[in-house]
Amino acid sequence: MDWIGPILILLLFILAIMFPLKKGSSWNNNCPNLPPGPRTIPILGNLHMMDLKRPHKTMIELSKEYGPIFRLKMGFQEMVVLTGYETVKEALVNQADAFAERASVPFFEDVAKGFGIIFSHGENWKVMRRFALSTLRDYGMGKRTIEGKITEECSVLMKTIETYAGKPFDITTIMGAAVSNIIVSILFGKRYDYEDATFLRLLNLFSENIQLSRTFDILIYNMFPRLGLLLGSRKIRLNNRKEFHTFLQATFIEHLNDLDENDQRSFIDSFLVRQREEKKKTTEGYFHYENFRSVVSNLFVAGMETISNTLRWAILLMMKFPGIQRKVQEEIAKEIGVRQPRTEDRVKMPYTDAVIHEVQRFADIVPSNLPHATTMDITFKGFFIPKGMQIVPLLSSVLHDESQWEKPYEFYPEHFLDAEGKFVKKDAFMPFSAGRRVCAGENLAKMELFLFFTSLLQKFTFQPPPGTSTDDLDLTPAIGFITSPVPYQTCAIPRS
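Going by mature numbering (1 follows the signal peptide of the UniProt record, and there is no 0), the letters in the sequence shown line up with residues -24 to -1, 1 to 472, in that order.
It is worth saying that the hints were derived from the structure and are not from the lab.
There could be a bad hint or two in this list.
Said to hold, decoys possible - Derived BS3-like pairs (lysine-lysine); straight-line CA-CA distance at most 25 Å:
1. K310 / K398
2. K143 / K324
3. K422 / K135
4. K125 / K363
5. K29 / K303
6. K402 / K65
7. K310 / K383
8. K422 / K65
9. K143 / K166
10. K40 / K398
11. K218 / K89
12. K357 / K65
13. K256 / K211
14. K29 / K40
15. K40 / K383
16. K422 / K357
17. K125 / K135
18. K89 / K363
19. K422 / K125
20. K324 / K211
21. K383 / K422
22. K143 / K310
23. K296 / K383
24. K398 / K324
25. K33 / K296
26. K435 / K303
27. K218 / K324
28. K422 / K324
29. K402 / K33
30. K102 / K363
31. K383 / K402
32. K125 / K435
To be verified - Per label pair, the in silico range of CB-to-CB distance:
33. R177 / S110: 41 to 49 Å
34. S80 / I17: 54 to 62 Å
35. E306 / D236: 44 to 52 Å
36. E85 / K29: 23 to 31 Å
37. P441 / I17: 47 to 55 Å
38. R202 / K135: 48 to 56 Å
39. F360 / D27: 49 to 57 Å
40. S110 / P441: 44 to 52 Å
Each residue gets a CB set at the ideal place from its N, CA and C atoms; glycine is no exception.
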């Protein structure tokens, strides 16, 4: 199906020649200090220049010609791209208020309708994010209560892997199930068996939608929303979302019927209590069903896809670099031994900590970041950017900034170690983004990554299948909005 992209671009180019349409620009071209950018052509804008499979790579190349702040136009959609650590930090952290809004992008508006956390705007976003953060803390995020759930899940995962008896298997499904059970325990107050049909169906719905949200589809949808409506992937995505919402509605009613305000057992219970409190005070509010299903969907996919993909990258990289895997295992043996790893062990394990951080940096899970928007007219680093302009703070350019990383395109745990082997924090480490829109589950993700990773390498050595060498292992990521490794087989050899 690789021919679809070039043919569609050709058709759009023909339309551009036959019907030179023009849409009003957000820019005042008489302004002398606009960001630079490549020349556009009618209708397509700069689409003809883009690597449709990995647009973030094209943006990084363009930054070498136009600088760290430049304009792009994709169809009728205008944007400003920010690249490099210094520029992205200045926008998202030092001038956070001016860059805090989420851009109104057709693809995301179709997904969330402006509700929830990730894709919402203004006061709705503030209220939902505040509630989510406080409720996640109440249910143990960053505390021993949630650590117990993670270690329990680690034990189940290890026993499941043992059943493969060192034979090749694909870790994707069971890793997704184990990681998802953590956020499920918070959201729904329960856990699922890895073979539970309902659970597997939910995981498949989200995984399929992530796979269908190919970068090319998103580009076309956002540039030409009416054309995007014709994409076959959209119908599948909407049907999958409808099926998940049906499950959520049944879960919502179940929790509503069993609700005890004095014994709240899940995120859903807390939402329902706030909903009742809000109805007593006002007829209009934020704790309605549309926000409920969007918030739960946001937390579910964020708690599943990013962490499970990072751990899959970790296993692949340990197979690729067995010397690094051995050094991690030696540190685990020295500092933990055979007992269950705990989060407090991290401070005594600088090399393991460095490897986990380097996995996140190298994997570059969300390379293009989610688009922001300016909340006001602003002159930023000498360039005028109008209110409401879509902003792309390119995380990939930060995680591969040559001024910040010694070997930006290699897997090199020493990025996070000093000359004495002590762990070193790096400001340019931004896999969770930064500023007002930083990932709400960052602390939970860090805890999960450490406990799952150390538990896996404590119990097993991961090797390529027989007949496959380390040179055969492909580190080229699969195509998609979320960067995942291509499917692979691994052999988990039990350690004595």
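Hint check results:
{"no.": "1", "hint": "K310 / K398", "verdict": "holds (16 Å)"}
{"no.": "2", "hint": "K143 / K324", "verdict": "violated (33 Å)"}
{"no.": "3", "hint": "K422 / K135", "verdict": "holds (23 Å)"}
{"no.": "4", "hint": "K125 / K363", "verdict": "violated (44 Å)"}
{"no.": "5", "hint": "K29 / K303", "verdict": "violated (36 Å)"}
{"no.": "6", "hint": "K402 / K65", "verdict": "holds (13 Å)"}
{"no.": "7", "hint": "K310 / K383", "verdict": "violated (29 Å)"}
{"no.": "8", "hint": "K422 / K65", "verdict": "holds (21 Å)"}
{"no.": "9", "hint": "K143 / K166", "verdict": "violated (31 Å)"}
{"no.": "10", "hint": "K40 / K398", "verdict": "violated (34 Å)"}
{"no.": "11", "hint": "K218 / K89", "verdict": "holds (14 Å)"}
{"no.": "12", "hint": "K357 / K65", "verdict": "holds (12 Å)"}
{"no.": "13", "hint": "K256 / K211", "verdict": "violated (39 Å)"}
{"no.": "14", "hint": "K29 / K40", "verdict": "holds (20 Å)"}
{"no.": "15", "hint": "K40 / K383", "verdict": "holds (18 Å)"}
{"no.": "16", "hint": "K422 / K357", "verdict": "violated (33 Å)"}
{"no.": "17", "hint": "K125 / K135", "verdict": "holds (16 Å)"}
{"no.": "18", "hint": "K89 / K363", "verdict": "holds (21 Å)"}
{"no.": "19", "hint": "K422 / K125", "verdict": "holds (15 Å)"}
{"no.": "20", "hint": "K324 / K211", "verdict": "violated (50 Å)"}
{"no.": "21", "hint": "K383 / K422", "verdict": "holds (23 Å)"}
{"no.": "22", "hint": "K143 / K310", "verdict": "violated (28 Å)"}
{"no.": "23", "hint": "K296 / K383", "verdict": "holds (17 Å)"}
{"no.": "24", "hint": "K398 / K324", "verdict": "holds (10 Å)"}
{"no.": "25", "hint": "K33 / K296", "verdict": "holds (24 Å)"}
{"no.": "26", "hint": "K435 / K303", "verdict": "holds (14 Å)"}
{"no.": "27", "hint": "K218 / K324", "verdict": "violated (46 Å)"}
{"no.": "28", "hint": "K422 / K324", "verdict": "holds (16 Å)"}
{"no.": "29", "hint": "K402 / K33", "verdict": "holds (23 Å)"}
{"no.": "30", "hint": "K102 / K363", "verdict": "holds (19 Å)"}
{"no.": "31", "hint": "K383 / K402", "verdict": "holds (14 Å)"}
{"no.": "32", "hint": "K125 / K435", "verdict": "holds (19 Å)"}
{"no.": "33", "hint": "R177 / S110: 41 to 49 Å", "verdict": "violated (31 Å)"}
{"no.": "34", "hint": "S80 / I17: 54 to 62 Å", "verdict": "violated (25 Å)"}
{"no.": "35", "hint": "E306 / D236: 44 to 52 Å", "verdict": "holds (49 Å)"}
{"no.": "36", "hint": "E85 / K29: 23 to 31 Å", "verdict": "holds (24 Å)"}
{"no.": "37", "hint": "P441 / I17: 47 to 55 Å", "verdict": "holds (48 Å)"}
{"no.": "38", "hint": "R202 / K135: 48 to 56 Å", "verdict": "holds (51 Å)"}
{"no.": "39", "hint": "F360 / D27: 49 to 57 Å", "verdict": "violated (29 Å)"}
{"no.": "40", "hint": "S110 / P441: 44 to 52 Å", "verdict": "holds (46 Å)"}
Comparing the model with each numbered hint stated earlier shows that hints 2, 4, 5, 7, 9, 10, 13, 16, 20, 22, 27, 33, 34 and 39 do not hold.
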